[in-house]
Structures are given as C-alpha cells and as structure tokens.
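Starting from the structure of chain A, add chain B where the hints point.
There are 2 protein chains.
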Amino acid sequence: MCNVNRTGFMQLLGQLTVAGAVSEEQFGERVKYLQELGDDHYVAVIEDTEKGQIIATGSVLIEHKFLRNCGKVGHIEDVVVDQTVRGQRLGQRIIESLTQFAKDKGCYKVILDCSVENAAFYEKCGYKRKEIQMAAYF
Amino acid sequence: MCNVNRTGFMQLLGQLTVAGAVSEEQFGERVKYLQELGDDHYVAVIEDTEKGQIIATGSVLIEHKFLRNCGKVGHIEDVVVDQTVRGQRLGQRIIESLTQFAKDKGCYKVILDCSVENAAFYEKCGYKRKEIQMAAYF
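So the sequences go chain by chain: A and B.
So in this note's numbering, spot 109 of the first sequence is number 109, and the numbers just go up one at a time.
For any residue, its number in this note's numbering is found by taking its place in the second sequence, counting from 1, and adding 138.
Excised from the complex, chain A in its bound form (with noise of 0.2 Å):
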C-alpha cells in the first residue's frame, strides 16, 4: 500500500461509497497501521500499469475468535472494481485472492455481507448465502 497512488485509491473506493478526503497523512497513517497488523489484514488491488491507475481492491480482515478451537475467520470488506473495466473478471480475481490469503491463514471461513443483487457474483467465486447483515449508525 505504500505505493499506492492514494488519490486514484481513494477515488476508486469512492465509487463504492463515501471515501471523502483524506490527506497524505492521514493516508500514512491508515497504511502504517494496517502493515502493523501483519499477516491480519490485506488489501489486495489490481493496477491498469499502464495508465498507472488502480483498478479494482479489496481488503480481508483476520479475526481471532475463542470459539471453533481458537478459530479465525476472515472478513472481506470493501470490494469495488473501476466503472470502466467491469465484467472482466477483475472483481473475481479481487475475492479469489483474499478469500486464498485467509485460507493461507488458517481460517476456518471467510464472510462478506453484500447486496441482494450482488449474490450471484460471490456465489460464482464459491460463497454460499447465509445469515442477514444488521447494523446501527452513529
């Protein structure tokens, strides 16, 4: 990540969601963070080399729970691939690598939540539906 162009970063993450404007800092800060927590935590991303521009990205994060034998489980966040290069597999190759780190890690499942609409798409990379996504906001 230190090498990552971070205002073509953030724009792609803003076609996903508010990304809003984080200062060259901040964004140090994020990424000195996150390398802290090691083999934890992964943002795998996919660059077009030659527009030198970042194209799609996700990131697994590592939970170390108590149950399942002191089990860990991966969390798969923020998958978003450029409006201009979808349907090419990019998106696909994004969960395959992630969902293989946290395999690699010894967890035992890696969980995303997404949207109804987006369902097929995980179920083609081997996800299966589960449970319902609740959440509160401050």
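Worth double-checking, as some hints may not be accurate.
Unchecked claim - Here are the simulated lysine-lysine pairs, DSBU-like style, with alpha carbons at most 35 Å apart: (1) A:Lys72 to B:Lys170; (2) B:Lys189 to A:Lys128; (3) A:Lys72 to B:Lys241; (4) A:Lys130 to B:Lys170; (5) B:Lys210 to A:Lys32; (6) A:Lys103 to B:Lys189; (7) A:Lys51 to B:Lys210; (8) B:Lys262 to A:Lys32; (9) B:Lys262 to A:Lys128; (10) A:Lys124 to B:Lys189; (11) B:Lys247 to A:Lys109; (12) B:Lys170 to A:Lys124; (13) A:Lys109 to A:Lys72; (14) B:Lys170 to B:Lys189; (15) A:Lys72 to A:Lys128.
Said to hold, decoys possible - Examples of chain B residues toward chain A, derived with CB under 7 Å: (16) Val160; (17) Ala182; (18) Ile184; (19) His202; (20) Leu228; (21) Thr237; (22) Met272; (23) Ala273.
Keep in mind the hints are simulated off the structure, nothing from the lab.
Just so it is clear, the structure is predicted and the values come from calculations on it, not from any experiment.
Built from N, CA and C at the ideal position, the CB exists for glycine as well.
Leaving out everything else, chain B in the frame of chain A:
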C-alpha cells in the same frame, strides 16, 4: 479476560457453535493476542457472581478502513446468553455495551450477522436490517 473461567466461558460459547477443547495454553495465547489489539477489540461478559459463572458474552472487533475518511467500523461477533437465563435482557445489555464501546472508539457504524429469527431482537437494540451475508468454508 485474564480472570475468566476458561472452561465455563468455552462451554457458554459451545451453546452458539462448536467451541472445541481449548487448552489453558491456547486460551492464554488467544487472550494475549486480543489484549495486544488494545482498543480495537473488546469482549463483554456478564457473570453470575454467586455461581462464579459467565452467563452472557459478546465481542466487537474494530476495523480501520480507508473509506469514510479513514473511518472505523465495529464488527459484533459471538453473542450468546446461557440457555438457563434467557429472556432477562442480558443479551440486550451485552449488545448495548459492545455498541457503546464501538461508538466511544469513533466508529461510524457497527455491523453484525444474525439469523432471520434473531433480527427482531437486534431491531429492539437499535439495529436495522441491511444486506445479506455470504460465506465460504474451508
């Protein structure tokens, strides 16, 4: 968590899903790992002090994002109330405690996954139904 009765705590989690036979050493290592997360992880417990038994628990893991101005999100996990004391609002107290913790730490939202049957309980706790959960098991 240091002073928690390991056997009783794991038996309580076993009412939720497979908890497994976690050794004292494994348990101690997991507690140590979670303590190192500092304010990014919190386990709430309610103890029956007469019986010296944990009767309700839940945890929240705080995720540090890039989007939403480098925002933070609380992930509530592993909420369980002992089957002998259900219907006494202990679950609600656990959720309130976890939600307040995440709010105090600056999260812009808290999310959790639950069964359709449990949605009404979380709605009483101020949560709203949002997306769907997908999972891949290894």
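Against the structure, the hints:
1. This hinted pair checks out: Lys72 (chain A) and Lys170 (chain B) have alpha carbons roughly 15 Å apart, not beyond 35 Å.
2. Taking the CA atoms of Lys189 (chain B) and Lys128 (chain A), the gap is about 41 Å. The hint is violated against a cut of 35 Å.
3. Proximity of Lys72 (chain A) to Lys241 (chain B) is assessed by CA-CA distance (about 25 Å); at most 35 Å being required, the pair is judged to hold.
4. For the given pair, Lys130 (chain A) sits about 31 Å from Lys170 (chain B) by alpha-carbon distance, which is consistent with the 35 Å threshold.
5. At roughly 15 Å between alpha-carbon atoms, Lys210 (chain B) and Lys32 (chain A) fall within 35 Å of each other, so this suggested pair holds.
6. Between Lys103 (chain A) and Lys189 (chain B), the direct Cα distance comes to roughly 40 Å. Violation of the 35 Å bound is thereby established for this hinted pair.
7. Only pairs whose Cα atoms come within 35 Å are accepted, and Lys51 (chain A) paired with Lys210 (chain B) is accepted, the gap being roughly 31 Å.
8. For the hint linking Lys262 (chain B) to Lys32 (chain A), the alpha-carbon distance of about 38 Å lies beyond 35 Å, and the restraint is violated.
9. Straight-line distance between C-alpha atoms of Lys262 (chain B) and Lys128 (chain A) comes to about 28 Å, which keeps the hinted pair within the 35 Å bound.
10. Only pairs whose Cα atoms come within 35 Å are accepted, and Lys124 (chain A) paired with Lys189 (chain B) is rejected, the gap being roughly 50 Å.
11. Proposed proximity of Lys247 (chain B) and Lys109 (chain A) is supported: the alpha carbons are some 23 Å apart, at most 35 Å.
12. Restraint check: the Cα-Cα separation between Lys170 (chain B) and Lys124 (chain A) comes to about 38 Å, which exceeds 35 Å; the hinted pair is violated.
13. Under the criterion of a C-alpha separation no larger than 35 Å, the hint pairing Lys109 (chain A) with Lys72 (chain A) is consistent with the structure, at around 8 Å.
14. The straight-line distance between the Cα atoms of Lys170 (chain B) and Lys189 (chain B) is roughly 26 Å, inside the 35 Å bound, and the hint therefore holds.
15. As the CA atoms of Lys72 (chain A) and Lys128 (chain A) are separated by approximately 19 Å, the hinted pair is consistent with the 35 Å bound.
16. The beta carbon of Val160 (chain B) is positioned within 7 Å of a beta carbon in chain A (closest approach about 6 Å), and the interface hint is therefore held.
17. The closest approach between the C-beta of Ala182 (chain B) and any C-beta of chain A is roughly 13 Å, which is over the 7 Å cut-off, so the hint fails.
18. Given the 7 Å rule on beta carbons, the hint for Ile184 (chain B) is violated: about 16 Å separates it from the nearest Cβ of chain A.
19. Annotation: interface hint on His202 (chain B) holds; nearest CB of chain A at approximately 6 Å, less than 7 Å.
20. With a cut of 7 Å, the hint placing Leu228 (chain B) at the interface with chain A is violated, because the nearest CB-to-CB distance is about 18 Å.
21. Because the beta carbon of Thr237 (chain B) sits about 6 Å from the nearest beta carbon in chain A, less than 7 Å, this interface hint is met.
22. Against a cut-off of 7 Å between C-beta atoms, the interface hint on Met272 (chain B) holds, since the closest Cβ of chain A lies about 4 Å away.
23. At about 5 Å, the closest approach between the beta carbon of Ala273 (chain B) and any beta carbon in chain A falls short of 7 Å, and the interface hint on this residue holds.
Of the numbered hints stated above, those contradicted by the structure are hints 2, 6, 8, 10, 12, 17, 18 and 20, listed in ascending order.
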